[in-house]
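**Q** Residue numbers (our numbering), protein chains in the order written: chain Y, 1 to 530; chain L, 1001 to 1311.
Quick caveat, the hints were computed from the structure, so don't treat them as lab data.
Among the clues, some could well be false.
Said to hold, decoys possible - Which stretches of chain L does chain Y cover? Using the computed rule of at least three CB atoms under 8 Å from a CB of chain Y, they are:
{"id": "1", "stretch": "1121-1130"}
{"id": "2", "stretch": "1136-1142"}
{"id": "3", "stretch": "1166-1178"}
Said to hold, decoys possible - Calculated cross-link-like contacts (lysine-lysine; reagent style BS3-like; alpha-carbon spacing at most 30 Å):
{"id": "4", "chain 1": "L", "residue 1": "K1113", "chain 2": "Y", "residue 2": "K505"}
{"id": "5", "chain 1": "Y", "residue 1": "K508", "chain 2": "L", "residue 2": "K1165"}
{"id": "6", "chain 1": "L", "residue 1": "K1210", "chain 2": "L", "residue 2": "K1064"}
{"id": "7", "chain 1": "L", "residue 1": "K1064", "chain 2": "L", "residue 2": "K1052"}
The beta carbon of each residue, even a glycine, is placed where N, CA and C say it ideally should be.
The primary structure of each chain is shown beneath.
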Amino acid sequence: MKKKVISTILSLCLVGSLLCGCGDKEVDNVQSSDNSQGNVTEESSAGTNEEADAADSNGEVEEWEGEISHIVLTWLTDASDNVYMDQIVEQVNEISRKKAGVEIEVRQVTVFDAPSAYTRWIGGQEQVDLMLVAYTGISPYIQMSMIEPLDELIAEYGPHIAALHEEGKPIYDTDPAEGIYGLMALPVNYGIGGALQVYTDVLEETELPYKDGDRLTLEQVDEVVRAVYALHPETTVGGIVGSAPRGTWGAVVDTLGTSIASGALVGVNSTTVVNYFESEEYQAYLKLVRGWYEDGIVIKDAATIDVTLAPSIVDGTGRCLLNLNDAKPDLTENYELTVNGRDISCLFMTEKYLPSPSSTENGYWTIPVTSGDPAAAMRFLDLMYSDKDIVNLLTMGIKDLNYYFIDEENGVIQYSTENPMWAMSLYGNNELLYLASQNYQELKAQNDAWNKEALSNTTKGYGFCYDSSAMISQITAIDAVLNEYRGALECGSVDLDTVYPEFIKKLKANGIDEVIADKQAQFNAWLAEQ
Amino acid sequence: MSILTKKKGKHIRWGRVIMAYIMLLPGLLYLLINNYLPMYGITIAFRQLDFKKGILKSPFCGLKNFKFLFVSGSLGPIMRNTILYNLVFMVLGTIFAIAVAILFNELQNKVAKKFYQTSILFPYLMSMVVVSSLVFNFLSADSGFINNSIIEPLTGNTISFYQEKKWWPFILTIVYLWKGIGFSMVLYLSTILGISKDYYEAARVDGATKWQQITNITLPLLKPMVITMSILNISKICTSDFGLFYQVPRNSGAIYSVTQTLDTYVYNALMNQNNISMSSAASVMQAFIGFVLVIGSNMIIRRISAEDAIF
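So that you can see chain Y by itself, here it is in the shape it has in the complex (with noise of 0.2 Å):
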């Protein structure tokens, strides 16, 4: 009897324990909405003066008198969680209590994981009011009905959004049919500029008439890559490694704000869709670097060693005097103009010119249909477009913690030890980021430089978006041929008498020319309306 007293009490305890689980929750998310709205009038009493200026800087903001809601906000990581997320979220929270009547909560997922979990999240229901597509297409997305059209609240909204698509910013992912879907994250600089980098001392090693800035053709840049090349035989050309793609860099390629493998225009005053595979660009490009790789001076394993992203010019192991890359200043990370104290010379291979954007190279924020509260998702989001210390806490971190300053007039900070440099550079408006550089002065002139050659120099299909869905199918299997062959063509692994020509045969064979031909029809039509 006293046994059976004594189970049953005890079943009543796990069972009380299991139900008080439940409620805590419950409790908990009241207490922290009543703490919310307590600091809410707690702190537009107080108000520091640090955020006063904050606040001046950014331009009058009324203080939010009406209810709080609360937003969920995807983050993406590279491999594991940011572990100061709490710290972060808490004080952006109290800026964005105050000035848009938002608090946040941010549910992190690794990039590579995100595509599978937005699904799985829409498609279970659950809140998700702030959305991150990055470096996949956002047409998937709006196929499927699995976020909302922004036009309305923006114009109600997003009046920072909007005054930025004012000034000219490539910020919005405008579905030609159906409006705006994506907000791009806006970078510290725009356009496209491929480039050979090499060490200036190494450079002027070759006595090749060359210098820092030159536009040179290709035959040029293979003189440069050989004669560096008989110097220092042991060195390799960085950037021609792993699968990512890099057969673009040699020419003006504008894919219209959809990945290559629907057509691209090819030059910048360019009206017609091509097969960018069968320009001239591009093949001469493979010839140069079938050439490379022939005579030893691109590695053997080139093209399956795992490196996604172009190494820095120094590989750690000396060995990359030469990178072919992207050249645009870099103002967000420890870049400098040296590497290692050497100078460093970019030699151009195309103009600096701005393309249509596209999400398969950047971040888009988009509201999906699950959230609970779009419009406030939008008073977040325009803040993210418009304060600094929102951007710069969701990217940097916390002050005196991920950072410090350097100069904080000029606001250049320097990366604490507690700084795992997490950053994508993807939340909202880069151009307010802190600037972690040393020279940041030079940088800056140059960055400045940059942009305006590049915003000046758009392409003809800059402001179009292909709208692909029609074509859905083709370009799935034309995305299955491009991963069979531009990773081993582009790194001059393959025999290209034998290889290119089958390569074009089964991009014709998938469709190609049908889905070039639908992009054109449609560009056409949005030139028209110009």
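Position chain L relative to chain Y; hints supplied.
**A** For chain L alone, kept in the frame of chain Y given last:
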């Protein structure tokens, strides 16, 4: 009288098995939740998915989602690779696993037995990513062991294994056997250990050699196990070990025509698309072919030897 006995018999049997059924219940529930409930998702393969409307209200679009598999001529080589590799793996995997299991059975030294068993099972426990690095360290054209220590000193040239198709059917088969044999060997070894020693004793008395004992006792008694394993494998003939076909060849495009299987093709094609209707379509096709093959092979086995068929 006869009715009474029947009733009594039935009653007694039910009483005995009721506990077994209760014990079966969690497993059945698991199967139902994990394997049967998600099957309603098959419908995704035939719909133009619209998250606003939900899965069941999205409009049907016929076989449109399957189209990307058939657009080009690539489906032929892909299916050939998928099915032929699986057949080769099935045949060689079974032969080698049985051979090794028999050898193990003959080992008398217990320490040696444990040592060999652990070492042969060890690769099975390794992640394919690790295996991929090991293989790369062997085959790399710049720094690989085979090129640096064998081929280059002998011939003066190197072989770019990752760019040349002809090596890969062998490399993949060797890697598969090296990695997987430890596990399948254990299954056969457990069956062999279950064979009564009396048979072997009787055979020895009759003067049978070791080889005769193997061919006349061990192999025939292993037959049901081989058939069960084969049917299970046939059901998976359209699926492939993603790690083996994606990680080990390092996704090298130049050798796709001999390394690409349906799984890696779908992954490569849809990596940038996040289109779950199309990936469902590929899965449905795999499942359908697997289903037809299982039913088909079971039917054939039933014709040949009815007692060995699974159902």
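**Q** Checking against the hints above, which ones are violated?
**A** 1, 3, 4, 6
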